[in-house]
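Here is how the chains run, residue by residue.
Protein chains: 2
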Amino acid sequence: MEREIIELFMKHLRKQGDLPLGDDAGALRLGDEWLVATNDMLVKNTDVPNIMTPEQVGFKAVTMNVSDVAAMGARPIGFLFSLGVPMGIDWGYIEGVARGIGEALEFYGVPVLSADTNEVDDLIIDGIALGTTKRLLRRSGAKPGDLVCVTGDIGRALSGLMIYLNDLDIDRKTREILYEKLLEPKARVKEGIELSKYANSAIDISDGLSKGLHLLAEMSGVRIEIDGENLPIWKEVHEVASIINANPIEIALASGEEFELLFTIPPQNLEELSSDFTVIGTVHKGAGVFITASGKRLKMPLLGWEHFRRP
Amino acid sequence: MEREIIELFMKHLRKQGDLPLGDDAGALRLGDEWLVATNDMLVKNTDVPNIMTPEQVGFKAVTMNVSDVAAMGARPIGFLFSLGVPMGIDWGYIEGVARGIGEALEFYGVPVLSADTNEVDDLIIDGIALGTTKRLLRRSGAKPGDLVCVTGDIGRALSGLMIYLNDLDIDRKTREILYEKLLEPKARVKEGIELSKYANSAIDISDGLSKGLHLLAEMSGVRIEIDGENLPIWKEVHEVASIINANPIEIALASGEEFELLFTIPPQNLEELSSDFTVIGTVHKGAGVFITASGKRLKMPLLGWEHFRRP
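In order, the protein sequences belong to chains A and B. Residues in the first sequence are numbered consecutively from 1, following the UniProt record's numbering. Residues in the second sequence are numbered consecutively from 1, following the UniProt record's numbering.
The shape of chain A in the complex, shown without the other chains (with noise of 0.2 Å):
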């Protein structure tokens, strides 16, 4: 449905800001200087699984938002919020909320510039953040010859759903390790500022790494390569992987909200990066998303949380 009313909306919206819509965040020329802008609505019903604790919830809709941001490449500057409460609601989680999303802007150093509540129905946190670049990463900046990279590891959101989902028998360390990344997720602002200087395109990992490699390859006009022996895979999805005999390849493709930077950069400028990534890829002429594993070379799937869901 999303994807219609969007589509719906569009027809209707004909003034875009500097940058068409289509990117993780908009954006405007201010000065020389990018100002970006992004939003997303966080719904308590169907966003947040329930061992997410209020503390969490809040610090992720500020998460979401900020990730978007740095996914443009932009340094945060603000963040602004509408809460939508529904009547008798219980107060201490709402006060957990606040504590929350006190406690992402402390994280990150961005600043609160305006909140506003209503009454209504579901419990939703509307978030907004703000943020500044002399230069844009855009989805469609990628270029034959960029190294296709990630940061940080992938596939723990999705195998700590699966535990949680399945009521999977498996050891509190590994528990603990999977279950940090599904619901205490990071977005990675430092590294989105460095990249901002040397890498051609970049995407979050929001809907997943096959989601998010389909995007980049059709908005660049390009076609990417991935080596799925490389892709950083913890050895506790491994572990979750063997449970559920399932291929921890497609548990890494398909895990979302784990807002890791996908990005494409020139070989030249890797060593210029000091950030915690892993090469996972190349980008080439053509169309479309290839991945070779085992040996084999196939049409890359597209993948989401969706497919691992079981009744």
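By construction, these hints were calculated from the structure, which means they are not laboratory data. Be aware that one or more of the hints could be misleading.
Which copy is meant is left open, so a pair is good if it fits within one copy or across any two.
Distance condition first, Cα-Cα at most 25 Å in a straight line; then the derived PhoX-like pairs of lysine-lysine [claimed, not checked]: (1) Lys44 <-> Lys11; (2) Lys186 <-> Lys11; (3) Lys143 <-> Lys299.
Got chain A; can you put chain B on it based on the hints?
Same frame as chain A, but now just chain B:
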């Protein structure tokens, strides 16, 4: 409830922008300008009278945010929104809202920077507006010696609402004039930009003139004297007042969401203004808001829509 929730949040949000919370919008220094940002959530079930068309709902979601930017003396430069859409909503309605948002953006000359949509139980439009200005207008800037002024006219929105709620019998022409302000209010953008050069303080009338005056007096640490005979009240408001046996001045003080700008300005700057406005009072040392009408001086009551609501 709103005030208590915001207070709870403020306890946990220590990191604020270059302007403490409490104005129509937040603000940050950005080079030699101020970046102004504001957000306001419109909830259909509670904020929208049934007679409003979806186009008017969309237009108003933009107006209420652009108005907050104008009240800070800033030129609006971008709009963002999150849409909460219930399952099974009428697509024609959604398209009307889209058309209204599009019309408003053309009207105010503001580009859309980002849009997000989610499934929720109520129809919600959370709008965000950004603006810039060299000189910020704040609620706390009123100075003894200033004149108190208001743009346009006041009282029509509440008069229109009373016609609707009480099903008053009134001629079509009068109804149209009143409904125009109730259903299609416009933000005072051009006026706000002009006022940024000459005024000392400003606030938009979203919660009624009397609340606006009290906020100005309180936040500026001054006393305000209003001349009740000078309020810009149209004859159609007098007409409704006589039918429902109410005081037209009280209607004008209580009428909300008119989006007129209330401002204070040194007398010598008055002749610089090309905008349509009325001088309604004066600023003095001291505290409180007083109104003189029919030869009597009274402490101004804090009136809102609810004082005129009938079961």
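So, going through the hints one by one against the coordinates:
1. Taking CA atoms no more than 25 Å apart as the test, Lys44 paired with Lys11 passes between copies only; the shortest distance there is 23 Å, against 30 Å inside one copy.
2. In the homo-oligomer, the alpha carbons of Lys186 and Lys11 lie at most 25 Å apart only across protomers (23 Å), although the nearest pairing inside one protomer, at 35 Å, exceeds that limit.
3. Taking the shortest Cα distances, Lys143 and Lys299 sit within 25 Å of each other inside one copy (20 Å), while across copies they are farther apart (69 Å).
Comparing the model with each earlier hint shows no violations; every hint is respected.
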